[in-house]
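Trainee: So the chains spell out like this:
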Amino acid sequence: MSRAATSDILIGLIPIVLSIAVWQGIVSFGYAPPTLLPPPTLVFARLAQQLMTDTFQQDILATLFRLFAGFAIAVVLGIGIGLAAAASPTINALVRPIVRVLAPLPKVALYPALLLLLGFGHGSKITLVAADALFPILLSTYYGASTVEQKLVWSALAAGTPRHQTLFKVVLPAAMPSILTGCRIGLVISCIVVFLAEMITSTDGLGHVLVTAARTFQAVDMFVPLITISLLGLILNGALEALRSYLLRGFPEA
Amino acid sequence: MMGRMLLRRLAPLLACIGLLVVWQVAALAINNDSFPTAIGAIRAVPDILGDKESLINILASLRRMAIGFGTAVAISIPLGLLMGRSRVVASFFNPLLMVIYPVPKAALMPIIMLWLGVGDLSKTLVIFLGVSLPVIYHSFEGAKAVEEKMLWSAAAMGLSATQRLVRIVLPAALPEILTGCRTGLVLALITMITSEMIARQSGAGNILFNALDMGQYDTVFAMIIIVGAMGIGLDAAFERIRARLVRWSEPQFDIPLSFS
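Respectively, the protein sequence lines represent chains A and B. Under our numbering, the first residue of the first sequence carries the number 46, and numbering increases by one thereafter. Under our numbering, the first residue of the second sequence carries the number 124, and numbering increases by one thereafter.
The following block holds chain B by itself, in its conformation from the complex:
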């Protein structure tokens, strides 16, 4: 029993190692200059993290991501909850969101750059746009599924509409909201990389694509490892928080369900 638990815990780690081994073997088999081995790429990781300038760049990326993600969550959750509870609000915003959804947010970057410049503001705004849609959508779905009886009881006990939204709808929709936030977190990372790739000025995406242009393949693959590790690490950290916040809800899937 203990062994099985341990195996479960270690499974993702084993998968990581397995993938790296596959990479190593493939690289040795192909034996191409532009495709370094896994070991070669991992060796380049400390060089990048040790370099002060790239470290500052990566941290600046993370800062933009945190700000964009934070504001997006703060605005999207109330909006989504309102949409879920009010039919008028829902039909007001739904078509607009449907039109915006298939537009790649990072593709707005060139236009936003024209207006706001290449600085932090444009990149944070793009991240904000990318994160908000899934969070709105999941909050909406979560709020729609709240049991009416609970709201009636709350109304009978004299809670005002705002109080009901905060004390009944928000906790009841929390599992779904957090699913949306988790999707948003990965999207924030993706948008961060692409926005920096388009506005080549600073950040992790800049390092990655500059290395590609200059043919420093070790750096390219090392950056892929770093960005990938950021994604997996952030996701795992978020999962911890989620499990703690919604401990009362039914045990959910340990893998994210929607990845938009």
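For reference, chain A alone in the conformation it holds in the complex:
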């Protein structure tokens, strides 16, 4: 790692360390009662303790399952529809206005409808996650695929690639950077939405943990699921970043 990157990381740590210090300071100097703002040491100790317990692990697994199921559906549909819309003008004409209407729609508002239709189980939450993560992936796939250089397709055709294969052999790889950017946005959204859905109605999952803590005014337990989802987001983001640098290893500085 170069020296510049190391100093960047050090500078970046300052505000995080600083905010934790301020947090500790507010509690230590008695500006806020510990019932409203528990000291960070207590919160992190509680987090470590909770991570060891079975029930909390079950909650994390439930959240992760819904997150991945919804995200996977969104990835498959998003890339599929995005590519199809970029490849065929007919599908494009059909998809474009629908996307134009559905994309700015606040999907959380649909959640009551999903609850009534799909019940209180996994189904409604996974659908909500998929619906929310779908559009960034779809739009960036479409964008990436429709800005692929025409010369690349022509060269492939000239080299004897059948027309229907150019989509997977040329367009898909060429659109990959844009698709992965969309996936990254979709992943963050999935994290947010799965949590919200669990907060609204659920019997397990991290969102449920937060709501239970809020109802009993356990401030410490309210911070724990929030920090957990933030950590999950960071880990998943890191994993996606690793996947990205693996998939894009041939690309010049993407």
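Simulated from the structure, these hints should not be mistaken for lab results. None of these values were measured; they are calculated from a predicted model. Note that the Cβ used here is the ideal one computed from N, Cα and C, for glycine as well. Please note that a few of the clues may not be correct.
[Stated by the list, open to error] Simulated coverage check for chain A against chain B, where a stretch passes if three residues somewhere in it have a Cβ under 8 Å from a Cβ of chain B: (1) 90–102; (2) 143–152; (3) 237–246.
[As the list claims (entries may be wrong)] Partner residues are not named here, just some residues of chain B that face chain A (Cβ under 10 Å, in silico): (4) C139; (5) L142; (6) F216; (7) I234; (8) M236; (9) R305; (10) I347.
Based on the hints, put chain B in the right spot on chain A.
Mentor: Leaving out everything else, chain B in the frame of chain A:
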């Protein structure tokens, strides 16, 4: 040619009607009490908008949203531009923002309610938090991509650093900033609904989820239509403004690219 243009204009409207028809058919096919038909839901819309109390509630929601969105934009754009132009500022804030990003802002609501109460302040603050991140991110990206040559010329002509930020970086990054604002606008609506759902006291989200709890399914679906129409309407209005502000920039995509 004229016909095609007209069709293009009308396409989103046709899509709306198409979706409503699909809904109507699905509802008739399922024939379930908890899933009213599209026509039934649309009929309930005037009842809600005609009721004085719910109208006040919805307007109060919109007011909170406007205040949260306005302050977020006013603070985030300068911060994002600074981050884009200065490496130190960028590496100072980036990790912090990365930690905050995956946290659902509406999930902070219970904690903020403990501190600030259930009133307007908590809800506006949550909306503010939700909007600021995408706006910061897009301003950052926009400012980073400004051509160095323009800044050099401006510096050679004797503009100070602040003047360069306002007169060169801001306009050059404007298309990207507005993309961020558009994302922020939808997020503001989402956060508004969820924050009101958690602090059941007033607002559009309160009407929606109370109706769900009480089993007034017509109202639930009518509220979904109202909220959806707000989203689509605000987005379309913003698109108009955007097209006017950045007329000089290359014709962009007519659909928003990033939706976080």
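Trainee: Please check whether B/C139 passes as an interface residue: C-beta within 10 Å of a C-beta belonging to chain A.
Mentor: Since chain A brings a Cβ to about 5 Å from B/C139, closer than 10 Å, the hint holds.
Trainee: Grab the minimum C-beta distance from B/I347 to chain A and call the hint holds if it beats 10 Å, violated otherwise.
Mentor: Check passed: Cβ of B/I347 comes within 5 Å of chain A, closer than 10 Å.
Trainee: Holds or violated: is there a CB of chain A closer than 10 Å to the CB of B/R305?
Mentor: 8 Å, holds
Trainee: Against chain A, with CB atoms and a cut of 10 Å, does the hint on B/F216 hold up?
Mentor: Given a least distance of 7 Å, the restraint on B/F216 holds.
Trainee: Are at least 3 residues of the stretch 143–152 of chain A within less than 8 Å of chain B when you compare beta carbons?
Mentor: holds (count 10)
Trainee: Go check the stretch 237–246 of chain A versus chain B for me, would you? Three or more residues, Cβ under 8 Å, otherwise it fails.
Mentor: holds (count 6)
Trainee: Is the interface hint satisfied for B/L142? The criterion is a beta-carbon contact with chain A at less than 10 Å.
Mentor: 7 Å, holds
Trainee: Would the hint on B/I234 stand, with a C-beta cut-off of 10 Å toward chain A?
Mentor: At 5 Å from the nearest chain A Cβ, B/I234 passes the 10 Å test, so the hint holds.
Trainee: Has the stretch 90–102 of chain A got at least three residues whose CB is nearer than 8 Å to a CB belonging to chain B?
Mentor: Result for this restraint: violated, n = 0.
Trainee: The hint names B/M236 as touching chain A; please verify it with the least Cβ-Cβ distance against 10 Å.
Mentor: Holds - the Cβ of B/M236 comes within 10 Å of chain A, reaching about 8 Å at its closest.
Comparing the model with each numbered hint stated earlier shows that hint 1 is the single one that does not hold.
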